[in-house]
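There are 2 protein chains.
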Amino acid sequence: MRDIEQVKTYFQSLQKRVCQAFEEREPIKKFSSEENKSETGGIGKPKVIDDGVHVERGAVQYTYSKGTKLPAAATERNESLAGRSFEAVSISMIMHPRNPFVPTFHANLRFFLVDNGHWHFGGGFDLTPFYPFAEDVLHWHTTAKSACDAHDTGLYERFKKNCDDYFYLPHRKEHRGVGGIFFDDWSEGGFVKSFDLTKSIGDAILPAYLPIFDRRAKLNYTDRERDFQLYRRGRYVEFNLAIDRGTKYGLQSGRRIESVLASMPPLAKWTYNWTPEPRSPESDLYENYLQSRDWISELKKVL
Amino acid sequence: MRDIEQVKTYFQSLQKRVCQAFEEREPIKKFSSEENKSETGGIGKPKVIDDGVHVERGAVQYTYSKGTKLPAAATERNESLAGRSFEAVSISMIMHPRNPFVPTFHANLRFFLVDNGHWHFGGGFDLTPFYPFAEDVLHWHTTAKSACDAHDTGLYERFKKNCDDYFYLPHRKEHRGVGGIFFDDWSEGGFVKSFDLTKSIGDAILPAYLPIFDRRAKLNYTDRERDFQLYRRGRYVEFNLAIDRGTKYGLQSGRRIESVLASMPPLAKWTYNWTPEPRSPESDLYENYLQSRDWISELKKVL
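In the order they appear, the protein sequences are chains A and B.
Each step along the first sequence adds one to the number in our numbering, with nothing skipped, and position 124 is 143.
Each step along the second sequence adds one to the number in our numbering, with nothing skipped, and position 107 is 126.
What the hints contain is simulated information worked out from the structure, not anything from laboratory work.
A portion of the hints provided could be inaccurate.
Heads up, the list lumps identical chains together, so a pair's fine if it works in one copy or across two of them.
[What the hints assert, rightly or not] Pairs of lysine-lysine, DSS-like flavour, derived with a Cα cap of 27 Å:
(1) Lys88 <-> Lys48
(2) Lys88 <-> Lys192
(3) Lys88 <-> Lys164
(4) Lys35 <-> Lys320
(5) Lys56 <-> Lys192
(6) Lys49 <-> Lys192
(7) Lys64 <-> Lys192
(8) Lys56 <-> Lys320
(9) Lys212 <-> Lys164
(10) Lys35 <-> Lys88
(11) Lys192 <-> Lys85
(12) Lys27 <-> Lys320
(13) Lys267 <-> Lys192
(14) Lys237 <-> Lys212
(15) Lys192 <-> Lys27
(16) Lys49 <-> Lys85
(17) Lys48 <-> Lys319
(18) Lys88 <-> Lys180
(19) Lys56 <-> Lys164
(20) Lys218 <-> Lys320
(21) Lys48 <-> Lys212
(22) Lys49 <-> Lys319
(23) Lys320 <-> Lys180
(24) Lys237 <-> Lys88
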């Protein structure tokens, strides 16, 4: 089918662009370059930087998979698809910056094609700051909204809500970060329109993140900020291993484990019963940012 | 019911003994002392040391819980109990030593009492070395076997197998450590005999671990060993968050989250696609210890 070939081409070119952007910012380290072929005809191209000057870990992974039996975790919301043969193509990425003033970011895009003719797109991006700056959060959400508005003015609100609902740690009663946009099971308006929307969102990833990265990556920080970053990364681990559907799918499906867990932070900390001091920069994160807020209208008022 | 009162008394005295043993070994830090009461009449007494000289994190928790609806995760193997009212009393403990030559250890004991008269004991202990010593592993398993043999000579093999089967990371195809013993749903021979067995195993925890701790806690180590320890602790996190039934139960049941996750290591590391060098001390762990082996007979031959 030609459609999936177009998606593969776009996802691979996006992988290249994203890796280039971060390699331009890293003085020495380059992304690893591997290719893993599965017995069923799938292919994985994980590209990973470990221990960079600015990117403590970055993973940008392209995956094409093909299977005779769609795993349950991939179809929780559409049980009629479980067990069918399928093709899937995806790009997923995560940056764990070294500097605690730079937020962690995560994005993915995916296309599913099932043997009965069902197909859908999904994906989006979300931001997890440690020491948030209001202007960064406004920029992130404004860029996300623009990518959606080009297609339909109602989409941003829907996709932002999906993101807030999904990136939530019920056992902590905490949002993972300041959110972003996510869509799933998407086929509205047919293949061309859905793919256009997916490309708009994919094309917005670097414009949403790089200005924030560039503004914060060289700020000075001390052990206090580093400590808090490591502590907050513990939440990222909790989310990925105990909650995230993509990771569960990866662990169930027997995919290459180093690819599935390339999203793990390089170093993370748990401190028993820790809470931030009142009126500290750390409590600012909890009180004002780990919330579901109407960022654009609220932050425009104060900035 | 008098029976559960005896169990409570024993578990609380064991908590006290374990905390005393480690406080005697820590020059400054003491275990925290809290008491959390639940609305349903439950009580939690977590005792935690963070950032000690030898114990980088240690948690010894006594919990009595009472509920009107047994969560699914607590009864995976006995579905007729789900949804019933219950009482449960447990002690669980974990030590994350600072020195990479000292293994991490975990133990728990529990007693469940369900409204229809069903009751059972469960628990055991397992060891997770980073740089294993054959004599330590032999001592650990010999002590475990003695605790079982006092009741029935067939128990150790059964309980060791339970432990090997349970503390396994399917996504890594790796055992968590060198195992130990675990039993569950235990009521063989009635309450008195089952409680006696539980006490034998509880009483063996310190004799199994302390000699190992004392032999290794003051060995010199370098960044290489510390790094490997942090890396291997990542597996502990993966097991606890993605696999462990107790943690799932804790996350589902809305228990105090800091108690549920007191088992997390203080610091853990993930390095993309790392494998130990052939014939290194690190590869020795993988090749000779993260296995299901007949430790006692095999190690007796070489020691």
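### Task
First find the shortest C-alpha distance between Lys88 and Lys192 inside one copy, then the shortest across copies, and answer within, between, both or neither for a cut-off of 27 Å.
between (35 Å within a copy, 22 Å between copies)
#### Entry: Homo-oligomer pair classification [Lys192, Lys64; C-alpha up to 27 Å]
between (35 Å within a copy, 22 Å between copies)
### Task
Go through the copies and call it for Lys56 and Lys320: within, between, both or neither, with a Cα cutoff of 27 Å.
neither (51 Å within a copy, 44 Å between copies)
### Message
At most 27 Å between CA atoms: does that hold for Lys48 and Lys319 within a copy, between copies, both, or neither?
### Response
neither (38 Å within a copy, 48 Å between copies)
### Intra- versus inter-subunit Cα pairing at 27 Å for Lys48 with Lys212
neither (38 Å within a copy, 62 Å between copies)
### Task
Tell me, please, which holds for Lys56 and Lys164 at an alpha-carbon limit of 27 Å: within, between, both or neither?
This pair counts as neither: shortest intra-copy Cα distance 37 Å, inter-copy 46 Å.
### Alpha-carbon proximity between Lys237 and Lys212, which holds within one copy, between copies, both or neither at 27 Å
neither (40 Å within a copy, 65 Å between copies)
#### Entry: Homo-oligomer pair classification [Lys48, Lys88; C-alpha up to 27 Å]
Close neither inside one copy (39 Å) nor across copies (54 Å); limit 27 Å.
### Query
When no copy is specified for Lys49 and Lys319, does a C-alpha distance of 27 Å or less occur within a copy, between copies, both, or neither?
neither (38 Å within a copy, 49 Å between copies)
#### Entry: Homomeric proximity label, Lys27 with Lys320: Cα distance no greater than 27 Å
Classified as neither; 41 Å inside a copy, 57 Å across copies.
### Message
With identical chains, the pair Lys192 and Lys27 could be close in the same copy or across copies; at 27 Å between alpha carbons, which is it: within, between, both, or neither?
### Response
neither (37 Å within a copy, 31 Å between copies)
### Status of Lys164 relative to Lys212 across identical chains (alpha carbons, at most 27 Å)
Answer is within; shortest intra-copy Cα gap is 17 Å, inter-copy 66 Å.
Violation of the numbered hints given earlier is confined to hints 1, 3, 4, 6, 8, 10, 12, 14, 15, 16, 17, 18, 19, 20, 21, 22 and 24; the remaining hints are satisfied by the structure.
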